[in-house]
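These protein sequence lines map, in sequence, to chains A and B. Counted from 1, the first sequence has number 181 at position 181 by our numbering; the numbering is strictly sequential. Going from the second sequence to our numbering is simple: count from 1 and add 473.
There may be inaccurate statements among the hints.
Facing chain B, a subset of chain A residues (Cβ under 7 Å, in silico) [what the hints assert, rightly or not]:
1. E43
2. Q106
3. C110
4. T111
5. I134
6. Y147
7. S149
8. Y370
9. I469
10. V473
Rather than coming from a laboratory, the hints here were simulated on the basis of the structure. Using N, Cα and C, we set each Cβ at its ideal position, and we do this for glycine too.
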Amino acid sequence: MQEKLHFVLNNEEISGEFNVSSTLLSFIRETKKLTGTKLVCREGDCGACTVLVGELNNGEVKYKTVTSCIYPLAKVNGKHIVTIEGINGVELTPVQNEFVNEGATQCGFCTPGFIMSLTWYLITHTNYTIEEAINALGGNICRCTGYASIIRSAENVIKSLKDGNSNGGETLRKLIKLNVLPEYFTDIKIRLQQINEKIAAETDSKPYQILVGGGTDLYVQRFDKVVKSNIGLTEHLSKAYIREDGNLIKISGNMTFEQFKESGIIKKYFPRLQQQLNLVASLPIRNSATISGNIVNASPIGDLTIILLALDASLILSDGKNERKVKLKDFYKGYKLLDKSEDEIITEIFFSLDFGNHNLNFEKVSKRTYLDIASVNSTMFIAHSEGKINLCRISAGGVAPVPLLLKNTSEFLSGKEIGNAVIEEALEIVQSEISPISDVRGSEEYKRLLLNQLIKAHFIELFPQSVNIAELV
Amino acid sequence: MNNTDTIKHVKGESLFVDDFTLHEGTLHAAVFDSTIAHGKIKRLDVSKALDFSGVRAVLTSKDIPGENQIGNIISDETLLAEDEVRFIGEPIALIIADTAEIARSAREKIEIEFEELPVIINPREAYEKGNLIAAPVTFSMGDVDKVWDECDLVLEDKVEIGGQEHLYLETQGAIAIPTEGGGMKIVSSTQSPTAVQRVAARILNLPMHKIEVDVLRLGGAFGGKEDQATAWAVMTALAAYKLGKPVKLVLQREEDLRMTGKRHPYSADFKIGVNTEGKILAYEATYYQNAGAVADLSTAILERTLFHATNSYYIPNVKATGISCRTNLPPNTAFRGFGGPQGMFVIESAIHNAARKLNIPVYEIQRKNLIKDGDKFYYGQQIKNSNAQRCFNEAVTEFNLSQTEDEIRKFNSSNHYVKKGIALMPVCFGISFTSSFLNQASALVHVYTDGSVSVSTAAIEMGQGVNQKIRNVVANTFSINVSRVKVETTNTTRIANTSPTAASSGADLNGNAAVIASKNILERLKAHAVKEIGESNPDLVEIKNEKIFYDGKPTKLTWEELVWKTYFNRISLSSHAYYATPDIYFDRKINQGSPFAYHVYGTAIIVSKVDCLRGRYEIESVNVVHDFGESIDTKIDLGQVEGGIVQGIGWLTVEELVQNKEGKLLSNSLSTYKVPDIYSIPKEMKILFLKDSKNKYGPFNSKAIGEPPFMYGIAAYFSIINAMNEFRDNSGMEISAPITPEKVLLNLHQPVKTESTAR
Ligand SMILES: Cc1cc2nc3c(=O)[nH]c(=O)nc-3n(C[C@H](O)[C@H](O)[C@H](O)COP(=O)(O)OP(=O)(O)OC[C@H]3O[C@@H](n4cnc5c(N)ncnc54)[C@H](O)[C@@H]3O)c2cc1C
Ligand code: FES
Ligand code: FES
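Hey, can you work out the whole structure from these sequences and the hints?
Right, here's the structure in full:
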């Protein structure tokens, strides 16, 4: 689909008609011949194609990392795209310099991606820690170095920049002075403002064939089709939001995983979930992937869906004319079959927190702990008083054709006292509710056992005092 | 120092095959491959693909002007299948079009019908049915059968070892450009330029001198581009030859995963006999190697399994038999360690289980049987300069093994379901190609009149830093600044008849050749220097940091002046030199000899932590004493050790290749095949350099580094097994690598009882 785009690529303003359904990476490598950004997997799983996307937000340019191999070109409109070429200067940047000093590059194919991710960390944080820096590199795969030298480089950069600036509050000017970013970043804000005025004057929405959230499922699963179709972006529907409205938490359908994870509401009500969400995809994927995409993709193992099921979330669906509500637990009719018409869009997701004393625990086991799809995942939401369960909802992924709310198990547990015997009894009900199959993520036997273990883990994590751990495990 | 490419790498300026600016009119190829693992091609109709707009040609085996044969050790592999296919992903036809997208779209239009034949993916089944790549090979010493009765304990068991995907980040690729006079220049991502040249010549029916192969650098290889880069390069050559236009082919990731071979899975049986003190008296092993559909390098790899069957141990009676089994998988191939890791994993399994049975620590058996000077490897080589015991003992003391064990015991007794385990892994790895003829190299050194130096060798830079090592040894030989030395692309017109850059030997062979070439020029420079300074004895001339000394005293000459004056006096400043590893041989009639120039030694201690509730694990620490010889470049060598260890841990933990019984790869993308990420590496990794180790076979006393550290990863497997045992006795557990979280959990807990709704 040819459409007009205006954006800044590194220090160059780009305006013109492009196939906006194609990917950012093919624009960078094939159209612009900027070959520093590498193609390795074309499915978001390695980070070799990582670039920065800068966007105006409350008058400031906010950068994030994305995997350009599955990032729809349409999304760059009005933004600043930074590739490795865009941070190169005459002198090496501190990140590049430390990669050189520590020998943190061998074959070099992964290197530009790592440099971009670490640079992103430096320009978006103030009090640097190595743990956070590693999180920023979690989506980058290196097959040569074993990462040890990369981590040493990150430690050195953090240390050197801290030493250079003890209060840690790097402003853009300081970052430029420290050579983390080149000079031209100073003007990006103004240039983006001008571009966006131009865009606002032009915009007319066109009909589309495929609705794209982050594209992190669509561009992996149906690449050939999507790049040839007209696409519409959910980010144009509304500004992403998550807010409290009375007892309800309301989330816009286009909210990304990372926005959700970093929101004040999640930090306030579900602090452990905030940490556990690191187990979901990788930062560049979470930056793009939307919650509605996760729900509509209908993978039986979608992490956000499994969390929202235990929260008994509801969806607001709109076809542009009419709106209706549907409970998430009733949304799935069969394997990838949804209670949704073709032109219905999820505009909002909401759930209630009106249950007094409550806890939520998310468990996920995959072959590789991070950046991997679960073999089985599960969430338990539990409202309780003095060891008694007032309400319990347990969801489980990877054990049925659809993301599953374990209705019978949840019902059984509600009203019971927490204890080993009750849990053991519940597990028998669990087994009667699930129907896992053997596949590349594990055998049926494994998934059955694993779900039991994860449910035990919910109780051990949340109620270590009320269960006999030694016997339960 | 750093790898020569480092600065370009961090700026994203290093070019790989997919990055080169193409000649105008370059066409693009896509490979049409088999969708079944075994069958006869009944009908192949490419006409609809040919009709596709933008398609220039569709080539099949019939279009090959020369011999349709790419097998190098055994001639059993076609470039494009003729009437039978033997694995999913086997190339059948080549589509050439204006763009790669068009070529791939047109591929969908090819019509094919197969008559399906039975599929075998299990090596033991292949063996039973007589499907072998070559006759079984046995190495032996002493007589195991006479000794079993004398042993206090004789144990037998079976071992399953999974394969491993290389996952070099740069996929296979090449560009072929027709040259005048009917020749061909091929730019390839290969570890074996000469293999590409030889096979292209065979396929095109041209003399080798008409084919030029040029390699700049590789985005990772690990053995996966030793034999298996050839097919793609030759396909581009075939297409370019047929169409008279440059042709590019770069595999997409899913194509690369589907079509190329991997580390060999093995199934093995062992029998070990020990006495109560832990002395191993006899060891017998049979390896069923899953070779895939064609030979590739399988027989050579299997031989190295046999060479490393006893790892670092002296065992008086050994019998090891290797059987290369033909299955319907893509041809498995070289991968860091080249069969050695599988051989070592089996003996470590045997020792581990024997120690459990005898109720003594595993490291007691390991320690008591370590090789020492005067012993003999069971294939006949005398053991000289062994550092096996030194590395082991230093690891035990430097890393305070008993204290670590105490801490682990404390931790385990105070945790219900998180348990720690420890394991040691001594490694002894033989350096040299076991095919002795490959142990040769040549180098071409030019000193230009401005004093800068250019070096060409057969070494391929693929991240291992070989170019930097060569720069270092050349700069050291001349005693000039390393910035004066440039290493050129690897090119078959400059360096002919190259051996692959493999077997950890790249820096040894090519470095030694480069040193000889440099010394030749140095001698001429010295001979001329005495004339310039009016002295007589060239042996008293010395170059130190670019300054010329005579008899220890400074002269007025500098490097640049000497070079210029030598040139001006019509003395050659170029040298082409040759090196062949001395003292090595192996007699395949009796399977005895001295195939290795030397061995690399080391010992690793790995601690891991298992969450026995969830079946997840972490590697807590890896502590290593490694024998680098005298490292030419400590930073590069450290990187090789760290990278090798993590790759080795990956092989035995999360990297699981899954095929269905039709031979289809299910772990066919990065979302289903997981390599270690930044979170899964050891929380702590310490590498100590063994002191006072010399090696006359390596340039400047260095030792090869590429492969040996990979095998330290084996300790990760056993540390996890040991941690699991702290939660629940797991003796009798099936020995099966990799130890995925699934296997951990299933071995820790009883299966859940249900009336399984089998679907
Ligand atoms: C490398 C990688 C790792 C991943 N790891 C994980 C993981 O750990 N856990 C996990 O759960 N998932 C994971 N995913 C999957 C994916 O990121 C999620 O499913 C994501 O939520 C999809 O959202 P999206 O916005 O990118 O969807 P898209 O690909 O844009 O769309 C998916 C589907 O949803 C539809 N859709 C999108 N928005 C709406 C809307 N508002 N209303 C109606 N329909 C809509 C689209 O039309 C499409 O059919 C991973 C993906 C990648 C590439
Ligand atoms: S190429 Fe692997 S994430 Fe984009
Ligand atoms: S340096 Fe080769 S993949 Fe990272």
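Results for each hint:
1. With a cut of 7 Å, the hint placing A:E43 at the interface with chain B holds, because the nearest CB-to-CB distance is about 6 Å.
2. Taken as an interface hint, A:Q106 checks out: its beta carbon lies about 3 Å from the nearest beta carbon of chain B, inside 7 Å.
3. Taking 7 Å as the C-beta contact cut-off toward chain B, the hint placing A:C110 at the interface holds, the least distance being around 6 Å.
4. The beta carbon of A:T111 comes within 5 Å of a beta carbon in chain B, closer than 7 Å, and the hint placing it at the interface holds.
5. Satisfaction of the interface hint for A:I134 is found here, the shortest Cβ-Cβ separation to chain B being roughly 6 Å, below the 7 Å cut-off.
6. Taking 7 Å as the C-beta contact cut-off toward chain B, the hint placing A:Y147 at the interface holds, the least distance being around 5 Å.
7. Using the Cβ-Cβ criterion of 7 Å, the hint placing A:S149 at the interface with chain B is satisfied: the shortest such distance is roughly 6 Å.
8. With a least beta-carbon distance of about 4 Å to chain B, the hint placing A:Y370 at the interface is held under the 7 Å criterion.
9. A hinted interface residue such as A:I469 counts as satisfied when its beta carbon comes closer than 7 Å to some beta carbon of chain B; here the least separation is about 5 Å, so the hint holds.
10. At its closest, the beta carbon of A:V473 sits 4 Å from a beta carbon of chain B; the interface hint therefore holds under the 7 Å criterion.
When held up to the earlier numbered hints, the structure conflicts with none and fits them all.
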